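*Asks:* Here's the letter readout for the chains.
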Amino acid sequence: MFFQVLYRVLTSADLWQAALVFGTLYLLPALGGLMSERSGVVNIAMEGMMLTGAYAAVATAEATKSLWVGVIGAMIAGGLMALIHAVVSINFKANQIVSGIAINIFALGLTNYLVFIQTQGQGLPSLPGALRLPTISWGPLANIPFLGQVLFQQNIIFYVALLILAGIQFLLFHTNIGLRIRAVGEHPQAADTAGVNVRLVRYLCVISSGVLSGLGGAFLSLGIAGIFSSNITAGAGFIALAAVIFGKYTVLGTAGACLLFGLGNGLAVRMQDTGISPYLLGTIPYILTLIALVGLVGRTTPPAADGIPYEPGTE
Amino acid sequence: MAVPTSQHSESKEQTPGSNFLAWIRRTGVSIAGPVFAVVLAMVAGGIVIMITSSGSLSDRFSAAISAYQALYQGSFGSLQSISFTLVIVGPLIFAGISVAIAYRAGLFNIGAEGQLAVGAITVSAIGLHATHWPGWLLIPTLVIAGALAGAIWGGIAGALKAWRGAHEVVTTIMLNWIAFYVADYLINGPLKDPNLANSTSPLPSQGTFPIISVFYNNTLGTFLPKIPTPQTYLVDVTFIFAIVALIVYWFIYARTTFGYEIRVIGQNPKAARYAGIPVRWNTFAVMAIAGAFAGLGGAFRLMGQFPYYLNGSSFSIDYVGFDAIGVALLGKTTAIGVFFAALLFGGLRQGAGLMQLNANVPSDLVFIIQALVLFSIAANFLPAIQRAWPRWLTFRRKPSLAAAGGDVAVVDLPEDKNEKSTDAVSHVDNSTEEE
Amino acid sequence: MQESTAVAATEEVAIPFAVEMRDITKTWPGVVANDHVNLKVRKGEIHALMGENGAGKTTLMNILYGLIHPDSGEIYVNGQLAHITGPRDAIRLKIGMVHQHFMLIPPLTVAENIVLGHEPGSVRSVYDVKKAREIILALSKQYGLPIDPDIRIERLSVGLQQRVEILKVLYRAADILIMDEPTGVLTPQETFELFGVLRGLAQQGKTIIFITHKLREVLELTDTITVLRRGKNAGELVTKDTNQAEIARMMVGREVLLRVNKTPAHPGPVILHVENLHALSDRGLEVLHGVSFDVRAGEILGIAGVEGNGQSELVEALTGVRKITSGKVTITQVKDGQAAEPRDLTTLGARAEREVGLAHIPEDRRGSGLVVSDSIEDNTILGRQRWPQFSWRSIVLLLRTIANWAKKLIAEFDVRTTSVEAPVSSLSGGNQQKLIIAREFAAEPIALIASQPTRGVDIGAIEFIHRRIIELRDAGKAVLLISAELEEIRSLSDRIAVMYEGKIVDIVTPEATEEQLGILMTGGHL
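Just so you know, the protein sequences line up as chains A, B and C, in that order.
Mapping the first sequence onto this note's numbering, position 242 (from 1) lands on 242, and the numbers just tick up by one.
Positions in the second sequence are counted from 1; adding 1000 to them yields this note's numbering.
Positions in the third sequence are counted from 1; adding 2000 to them yields this note's numbering.
Simulated pairs of lysine-lysine, DSS-like, Cα-Cα distance not exceeding 30 Å:
#1 C:2323 - A:248
#2 A:248 - B:1270
#3 B:1270 - A:93
#4 C:2094 - C:2130
#5 C:2408 - B:1270
#6 C:2232 - C:2214
#7 C:2407 - B:1270
#8 C:2214 - C:2040
#9 C:2141 - C:2043
#10 C:2214 - C:2503
#11 C:2141 - C:2094
#12 A:248 - A:93
#13 C:2131 - C:2141
#14 C:2335 - C:2262
#15 C:2214 - C:2043
#16 C:2240 - C:2040
#17 C:2240 - C:2094
#18 C:2328 - C:2503
#19 C:2407 - B:1332
#20 C:2262 - C:2408
#21 A:248 - C:2130
#22 C:2323 - C:2503
#23 B:1270 - C:2328
#24 C:2214 - C:2262
#25 C:2214 - C:2094
#26 C:2262 - C:2503
#27 C:2040 - C:2232
#28 C:2503 - B:1270
#29 C:2040 - C:2094
#30 B:1270 - C:2323
#31 B:1332 - B:1270
#32 A:93 - B:1332
Because the hints were derived from the structure by calculation, they are not lab data.
Note that the structure is a prediction, hence the values are computed from the model and not measured.
With the sequences and hints as input, model every part of the structure.
*Replies:* Here it is, written out as structure tokens:
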């Protein structure tokens, strides 16, 4: 009975559509994390940057009554959070994991704090439809059975994310900037002596991780949920981090991993009519992530200088 | 082979007085960083309050002041509030030890909350089925079960790290969420009390611990003065277990070979390998032990505090696990440090409730203060500032281990004529070495 | 008479030095790395910058290249005052540096490594693979340095990697090349080729500053020499007018002991027996292809070879850190000339090996031998913390005993410190090494494996360490010595085994000449 339901669910377009939705949710911060890690800065703060972005999106959108200003607000907020991480990690050479943890705690506290202040403790209301990120339907393409629903009736951010995905792959591997980023992540001393501005490259990469995570947060609050509530990200930023690791720090691997984890979420939602407790179903994405990390064939190695603060003049 | 022996006649007078001063200096140097971090964070928190409140500058300033006043009042302002604070501090000590011991081995245990949850759930589950067990059997069983459950939960992450190289930050967080969801499922399902809405059944009373003041009244209080209204001082006997746990923790890291070995692993994993220290097993073991401490915290919290049952969603909004990270790092992973840091953070949590009520400042400020403390510690703000203001602080070298050694590197000791000429070279050696 | 010399003098002064560093001072906390140092290098010459470890040579060149900022002093390039704040400025002044530890990025290709930072086109543009390839092949041809631009660095030999480093510098149109200890990782053959390349570059007008501490190379290659000692100028020399002894004296300031005094060996029964050892490298490829040798009681067996031929892996295999895939290792206790039962070490881990009497001085003391942030007394029991004299039932540490042990050790082995509680990071390199030696020797081992025991250590400590090793030998123990310094091997060893590509190719006496050893070290046969 269980497996019948499982089969039915796995072949339903609803599932895959949902999988892509959640996959996108993970993909944006994951790409951000990838940029940061590739330049050699460990970033476990995607969770906090996403959360900040999610709040900023709602707050800005409601204040300006404009959806897209909200999105931009989210990206800026994420970028600012990332800036803190950048300063602490790069300039002060702090332990990057502790800094990331601090950002996550900071984001949780700050967002709750601001919501309380703004609403006198009432919590934010749902967003009106006008301020929700729209779904785009590609006309005749949307009518293709199965694929039409899955690929051509997605939220606009999904398509944006695909563009960003392609863009980052191109940037990292076919441009001069990408070469420098990769060099800085593997061997910052070598890059420095070659004349690359290591600090600048790392700053830009960390900030862009914040911007992308913020965008992911906007997708969460303005796209999926339609509201902001405390700790709404519920570990999504960490699943994104796991996706980067599972994807062996490559762009395509990360994307594949995000899809896999998104599938986990989709299953959790769609399997509810088997009568299994929704609580237990809710563990699926997390268990899936664990299994992915455990079952990794061969240990993944991050960029060689990942996590090591760069000290010029030492060699 | 003649070897100069004279250089170890002490070049300093070792009077009790100078020893004490040296100790004061060392202690001062090592707590300077954390104290500075806390002060900075509190000030910054005050600024946050000022930014988000309204009115003139002095209005805002008094808003911050009254917020901190309420914070103090609610945490340490009265004997009763102190007892409330200690209720929080107890489990926080356990969780803090959990994070601290893992950190010594170079591991980030973000899973203290999940390990705590697993400990509590296990106690609840056993309590449901062992309602007729006598107290002398039930209590140890519950305690051991709680520790074991936590150990297993921590051990999973430890094993994954040791044998699969899985990053413990991610695995412990995943395990947290799994624990929360499973706990929710159990609390709303198999463990649910038929008469209560989404809570478990309370533990049988012989499986609980009494409040300290009540316990005192019933024992020492029979011939010493009794404490009036003992029920109002909520802190229970498990707080004492927390102190015991601190002593055990200290013993482990200061006096045992295991503590030595995890220290080596944490500071230089390569040297650990070359010394023949089994890195994988120790990684697994330390995470299991860390989980056990956190599990104990969860078990004791349930067994010590009325109503002795768990609510639905108890854990996903619980913050002990997060706080523990700050506690461990602020306390520099020492037993004394964890104790004081737990007092501080526990006080913040407890006082935040009153702060929100009276001064209308959301209790989430505590998270913000915590985060700032962590930033300050991680970024070594204090030494960085010292470096930038050389004239002010030349009497203090960087508060690092070098000071503990008596701030000498290589000194002009009476020595062989031969070696004299090479002293400067070896001096230079130290800093320009590339390794 | 006076006039012509005056004219001659002004003519000389009129040609500026390619590089002139005046009065350079640089201090680190507690240490003066460069103390009012002066350097003058003429265009087109190969100039050696010499000194012992820690004399300040690399610091001075890092300042020239902009990696470090001096506290005071001035730099003139081709007569013009230069403000060098970073490598980019140095590059603009046509200064290039080939570092001792290569600044290459293993997963990237030769081309990517060479053009990094000065990619064809602008920073923002797409990476032009073809253009890069063209430019590199052209450079390659011009200077006689053939290379394939599309190979990844991690697949190149050390000599070729160095070639890439040189091309990097030439790509940036450098006229002034700084070479920092370039021959440490090269075979004699590769060194010969390198010298040819450098002479060719000098003939084409390039100026070369050659940092080294190797006397013979300097005499072979260079035109002029500046010697630094303890951060200060010790003298300038013209190469063809000087000799090894004079340079050495300038470097050290006193007569240098070039040979260790020792009595001939009286080797007893075999203590360490190594038979047909195979092991895999970190990458999973076989790195030891059947290594066999014996070390007897009362003898020092030296293993000579260019770094990277499996010596490190051999040591790791012998000390229980690296898994042995096939073969056997045994250790035999020898008392008063009588051999006991051999004990099999093949599968034992590092901890058990110590218990059985094998001591180890690792080649990377701060990486694998010490926990630098820990106290001295804690480091004295590293690896032996579970021994009954240091811990009760191997569980509880006996702190007072350990403290006394540490005090005894630092007294006997001349480790300079005020307290055993001080962190090891407060010790100089030489004292750190002495600490390791103290720890290993005092445990009364049967056999000692010493890997690069005097690397990065000042002369006084070197003499001490050599003496102690010989004493250990004279006490009837077996010593296996691995060193990249041929001098050290030749002066200490009773027999020399040469290692090449994971095998022992021959075992010779210390009377073998450097040429003979060189041939063996590069895979030749005598």
